[in-house]
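Work the whole structure out from these sequences, hints included.
Protein sequences, first through last, are from chains D and X. Going by this note's numbering, the first sequence opens with residue 1, and the numbers climb by one from there. Going by this note's numbering, the second sequence opens with residue 155, and the numbers climb by one from there.
It is worth saying that the hints were derived from the structure and are not from the lab. It is possible that some hints are incorrect.
[Stated by the list, open to error] Counterexamples of contact, computed for chain D against chain X with all Cβ distances above 12 Å: (1) Pro-86; (2) Ala-96; (3) Glu-106; (4) Arg-127.
[As the list claims (entries may be wrong)] Simulated restraints, written as ranges between beta carbons of each label pair: (5) X/Glu-293 - D/Asp-133: 24 to 32 Å; (6) X/Asp-321 - D/Val-130: 25 to 33 Å; (7) D/Arg-10 - X/Val-335: 49 to 57 Å; (8) X/Ser-169 - D/Val-130: 26 to 34 Å; (9) X/Ser-160 - D/Glu-92: 33 to 41 Å; (10) D/Asp-8 - X/Asp-261: 41 to 49 Å; (11) D/Ser-54 - X/Trp-246: 22 to 30 Å; (12) X/Tyr-266 - D/Asp-8: 54 to 62 Å; (13) X/Phe-194 - D/Asp-108: 20 to 28 Å; (14) X/Gly-179 - D/Asp-108: 43 to 51 Å; (15) X/Ile-288 - D/Leu-5: 36 to 44 Å; (16) D/Trp-38 - X/Gly-179: 44 to 52 Å.
[As the list claims (entries may be wrong)] Which stretches of chain X does chain D cover? Using the computed rule of at least three CB atoms under 8 Å from a CB of chain D, they are: (17) 215-223; (18) 284-296; (19) 302-312.
Here a beta-carbon is modelled for each residue, glycine too, at the ideal position from N, C-alpha and C.
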Amino acid sequence: MNAELASDFRLPSGPDSTLALSELRGRPVVLVFYPADWSPVCSDQLSLYETIRSEFDTYGAQLVGISVDGVWCHKAFAENRGLSFPLLSDFEPKGAVSRQYDVYREHDGCSGRALFLIDPTGVIEWREVVELDENPGADGILRALEGTTASSGR
Amino acid sequence: MAIPTSTHVLTAPVSERDHFSGSLGARLQLVEYGDYECPFCRAAQPVVEEVTRRLDQELCCAYRHFPIVSAHPHALHAAEAAEAAGAQGKFWAMHAWLFEHQDQLDDESLVYHAMRLGLDPRRFVGDLVEHRFIPKIREDLATGARSGVNGTPTFFVNSIRYEGPRDPESIIMALEATARVQAGAAPSPGG
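In structure tokens, the structure reads:
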């Protein structure tokens, strides 16, 4: 099997905090790349994930949002939309992590809409890249999480 | 015409645990995942009523809860209120009432609605205080999330996620078209 290790990164998670992917080792991580705070589809998508957080908790999964918006923008957006999972700022250098994951959109100057499931050992288990105006929902991630949990339980 | 071809399908079949009109064995089935505080669900309510009226006995129409709690602070309690009314045999009356009074979903108003509908207020309040129906609502959220509900309302026509316009004609056409495909009949040209 060709295991692809998720490349590590550290990004601001708030005005005074940062988060590195490697800090989340030991549990599945769902990376949610999205184009922009406040946009209608992003709001719907992230509100959906917040609504069904208990489903992600079932698998012990950590949800992490990533866009090129700055920390203060993220803070206001999260407070306004009632989001409790971390939103990371891929702000400076702009889109560096999105590029690392090959989901940066040069022409739009933002991250694309993409989901990655990283397993507890840091391997990319599953990915899905959708159109900017498409809300991918949660069924794909939940199915992937089910598979990861089932195989690690063997 | 367009036959719904979504790859997202309902993972939990409608059963006796659901609120539905019509019979489980009906030829056509419409399932809605909704949120009482969602303006789009409110707008869809008369459409669902129209579809139900027009298809009558041919349709089984079910409603499941999908309260987007982060965006809608009253949605969860409203869903609990509908279930508490359901425990007293008035689910659909409360369901319609909540959509009609979407600007009055605070706890006090929910109790007022219950009294207007002739429910036993002590039992109703007790069910809400004890959050008796949260597990059922969580089940709905879980099946919705796994079936591809990505916002509200999300409809499933004969178990296939519906992505077309929300008007009675389009929904009825989608119901008929998917039923024909599922029955193994080739869709009639231009039909």
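Indices of hints not satisfied (ascending): none
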